[in-house]
Each structure stands twice: as structure tokens, then as C-alpha cells.
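J.: Spelled out, the chains give:
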Amino acid sequence: MAMHQEELVDFDVALEKYDPVLGFEVHVELNTKTKMFSSAPNVFGDVPNTNVTPVCLGLPGVLPVVNKTAVEYAIMIGLALNCKIAERCGFARKNYFYPDTPKNFQTSQYDDPIAYDGWIDIELSDGEVFRVEIERAHMEEDAGKLTHMGGSTGRIQGADYSLVDYNRSGVPLVEIVTKTIEGAGKRAPELAKAYVAAIREIVKALDVSDAKMERGNVRCDANVSLMLKGAEKFGTRTETKNVNSLRAVEHAVRFEIERHAAVLNSGEAIVQETRHWHEDTRTTTSGRPKSDADDYRYFPEPDLVPVVTTVEWIEELRSRLPEPPAERRKRLQADWGYSDAEFRDVVNAGVTEQIEETIAAGTTAAVARKWWMGEIARLAKNADKDVADLGVTSATIVELNSLIESKKINDKIARQVLEFVVAGEGTPSEVVEKRSLAVVNDDSALGAAIDAAMEAMPDVVAKVKGGKLQAIGALMGPVMKATRGQADAGRVRELVLQKLGIEG
Amino acid sequence: MSAISREDVAHLAQLAHIEMSDAELDKMTGELGVIVESIASVSEAASADVPATTHPIALSNVFREDVVGPTLTAEEALMNAPDSVDTRFKVPAILDGE
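Here the protein sequences come in this chain order: A and B.
In terms of the working numbering, the first sequence opens at residue 1 and continues consecutively.
In terms of the working numbering, the second sequence opens at residue 1001 and continues consecutively.
FYI, nobody ran anything at the bench for these hints, they're computed from the structure.
Honestly, I wouldn't trust all of these hints.
Going by beta-carbon spacing under 8 Å, a handful of chain B positions derived as facing chain A [to be verified]:
hint, residue
1, VAL1036
2, HIS1055
3, GLU1065
4, ASP1066
5, THR1073
6, ALA1074
C-beta: ideal position from N, C-alpha, C; glycine also.
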């Protein structure tokens, strides 16, 4: 596919002239055992078309029945987002023709969402708290999964045919829609990422979703428009669909700001349209224009009766909510003993959960921070990936740390081991075994290396004998070299002192 | 004046992916107009303070517990499929990227 090269304006230059206006639609797949309207299992990754019932396939005569747990999860999400919960709401049919929806409509909610008028406070990296207003959170169902076959790109353009798996058809979704977000300025991309991260954190804490973005459990459509500074009327917006990682959300918003600015600067108008995000090139391309295709002819779903909530029911669900994220952060910081700056860095790096899990699995707070904020962050940066996508878990760190504590490996080797773990070579122990990385603390092997080093550096030996113990450091280089970096530095020091008859 | 114009019908036909001839459009414009006008008489009976009804029986909260039930096998699911590959439905490529 020939890709049209988009003109862009440098981000900072664009922001001198324009104010970005944002809006997000985040779809959250719920982790109920069954689907929204049928008792088919809600399981990811099974053989295609095995988790389906006649309801999922839209066969004639079927009747949907609402999953009570899904309704409760939707209410809990609404409460966590400080929304009002509708006393009464219903389902509606959103009509469109596409093979991912066999019944030719998606069951959703239209003008009476279950939750509305909420807000969420987003903490930005400069410490400022930015409030995002929530317009609504409504219940709906996911569509089937299409795989486009043939053609050269694997994308729909040029595809010969598509294959459809309806296992995902009918999986419960909650769609969270923000009000228009103004005033983010240069922090718009950061806010976008932080907002989606916050939604992810909430639904994970509520345990109503697996919240794995790489599996599409949380998906973001990002609306971006620009208006001249001081203008009162919003510009035309574009909607970038299915941006499915935190970094991609940040990049997509940034790209659209740069692209919009270039279009507007050239005197042309922004076309109101959907845009497709391409992770490989970190660009968006034109999807379809907003037009007749958006005429979904919503109407009330006659096969489903309204959902009526009571104060008692809502309060019972409210009592199940975990502590709010802001309070949780305060508690964690106190528990872990991190400074304000240290803790903020941890939050900004998005590794709070990982550190919490690692500590729970048995390391100290300092060790957990050292790894997640140090070597793991570095590896993620080098690989240009999210930390969460590296394949490092709390178990990896606990294992690595116990290998260090038992003196099987030293810190330096541990960092190498981690690199091999990330490269997919197995657990830390397996890597150490396979690559023979265990520290040499076999005294005879060390002794030979130390003898050789002492013989080669008589002046250093003389200094150490004369009481300058720190001179031992000079012997460390050759010893490490002789043992390929696998000597235990502490043991080397002990052995040197022993050989010279000096009390450590 | 009819509540439904010929353009409305053409638009609806397009949304519904139905091909209609000029004669069919004319005929349907008249028929849909009659239907819409007939239904409109309901709003004469119901004043503004009567909420819209979406279901003939005043039921609410008909729920199902979140318990897995029987499913079709892939073979059963694909029984009526015009075409399939392995256990998936095969459909023509449709240009719309959504």
C-alpha cells in the first residue's frame, strides 16, 4: 500500500499557535465468566468459534438475557469514576452491517447510559492534578474478531477475504466516554497516556477486567482537534481508533497534533474522519469519513427490559470498591518509605503495580525499586517497549534477587541475566545454568587467579601490605578478567587479605 | 405532506444495503408514509408526561447469573456458513477497516 507522507509541524511550534482539545472513548472488556447476553464462556485465546451460542451468532429467534455480574461491574466502574448511576436505563440496537457482528446490530446503550456525569483526577509528571470529566459509561457487547487474509500488508486494504471468529462476539464491554478536555496544552500527549493508564489502573483494582492492553482488554479511541489560541470555537476533530498501548496513545495524540497543525497552517480544513494508528511507523492514516455510515438508527432493544437500580444495590456495590487510587498511592509510599521524588518517578514510570507485586513476593522495597526503576527501565527504553511488555514479572525479580543473595551471581551478572530473560531464554536460574554464569567462588580457581594478579602487580601488593587496603581494588580487574567477570568481589578481597596474612 | 420523502427511503435502502429500483422507491415512499402517519396517532393519545414504552410488559431486571452454559461446537457453529477455513467463517473482504 502506498503510504501518503503526512506533512507535520514540530510539536512545540504547533503548541505555540494552537490549543489541543481532546476526548477519549475507552472500551473495557469485563472479565465476567460469561458473555453480556448469553451463557457462552468469556475466554481469550480458545479455538475459534468454540465459545459461541446461537445468541453470539445472531441466529433467528434467539433471545438475549442480561448478565447480572456485568451490570454490577458496570455500576462499580461508574462509582469508581465518581459517576451518577441511572435509576433506570435500557439497551438499544446500534445498527450496522459488518461481518464482525452477525446480527447486524450491536446491543449497546443510547440515551440512557448506566453511569454518567463523573470525573477522575489524573496526576501528571510535574505533580499537577488534572481533572478529566466523564460524560458517560455505558454497557455494550464486543464484536467478533476479523482476520484479513491475502494481500501483501495483512491489512484490509488489498485483502482477498476475511476470516471471522465469534468467540469475542458478545463479550461484555463498558465504554467510558470523556467530556471534551481543554487546557492540557503541551501536556496533551502525556495526559492522554496518563488518563488511559488511570482507567486501566481502576478497572484492574476493581478486578472487573484483566486490563491487558496487548490483548485488547482496554482499547482507546482518541479524539483530537486544534483551535487557535484564544479562539472560542472548537476545531474539527479526528478520531484515532484502537490505540492499544499506553505509549501508542501518547504517540497518536502527539502525531495528530503535529498533523492537524500542518493542515491548518496550509490553510486547508481538517476532514472529520476516523484515523488508523500504525504502530510500526507511529503514524495515522485516513480511515473513513464521518458520513452516512454513522447513521446507526439506534432504537430500543425490544428483547431486553430496563435495568432498574436501587439505593441498597448501589451501596452494596460501593462497599465492594477498593481504596481510591490516590489514597492507595499515599499508603504505598508510606509503606515503602520512598521519598516524594522517588515515588513520583515510580508512578510516572507506570511500575507501581510491578513494585507492589515484587515486594509482596518477598523482596525489600529498595530492591524492587532498584530493579524496576533501573535495569528493567533501561531495557524497556532500549527495546522501545512498555515495561509491562518486556516479559519481566515479580517472580523474575524475586528469583534474580535470591540468586544474588545466595551469592550464586553478583549484581553485574544479574543485569546480564536479566537481559537474557528479556530475550526469552528462560527464568533467571535457567539462564545462569545454560550460560554457566554462576559466580566463581570455588576458592582454588579464585586463588589461582589472585596469585597470578598479585605476581603481576607487586607494587599493589606492597601497598596493601603497607596498610592501604583500598589498593586491593587494582587486583580486582585482572581477577575478574581471568574469571570472565564471575568472581565474587567480596570473596576475592577475603582471599587476598588471607594470603597476605592481614586481618580484614 | 408525507412524513417520508423519496430521499429518506433511498437513504434507508442504502443503510440497509438493499438495492431498490425507481418504481420500488416510489411505492415504498407511499407505504412507509402511511405507516409513519398511522404510528404518529399514538402520540395523540399519549401526552408529553407519559414516558416512552419500549416493552409491552412492565418488567425490569431480568437477569441471568454469570454461570457458563452449553455452547455450540465449531462444527455446529459453521453448519450454515457459506464458506469457512478451519474453524472460522470465511467472508468477502469488505473495505472499511473497522
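J.: Run every hint past the structure and note whether it holds.
T.: Okay, the hints, checked on the actual structure:
1. Taking 8 Å as the C-beta cut-off, the interface hint given for VAL1036 of chain B is violated, the closest approach to chain A being about 14 Å.
2. With its C-beta approaching chain A no nearer than about 5 Å, HIS1055 of chain B sits inside the 8 Å limit, and its interface hint holds.
3. Using the Cβ-Cβ criterion of 8 Å, the hint placing GLU1065 of chain B at the interface with chain A is satisfied: the shortest such distance is roughly 6 Å.
4. Given hint, ASP1066 of chain B at the interface with chain A, holds; its Cβ is 4 Å from that chain's nearest Cβ, closer than 8 Å.
5. Given the 8 Å rule on beta carbons, the hint for THR1073 of chain B holds: about 7 Å separates it from the nearest Cβ of chain A.
6. Given the 8 Å rule on beta carbons, the hint for ALA1074 of chain B holds: about 5 Å separates it from the nearest Cβ of chain A.
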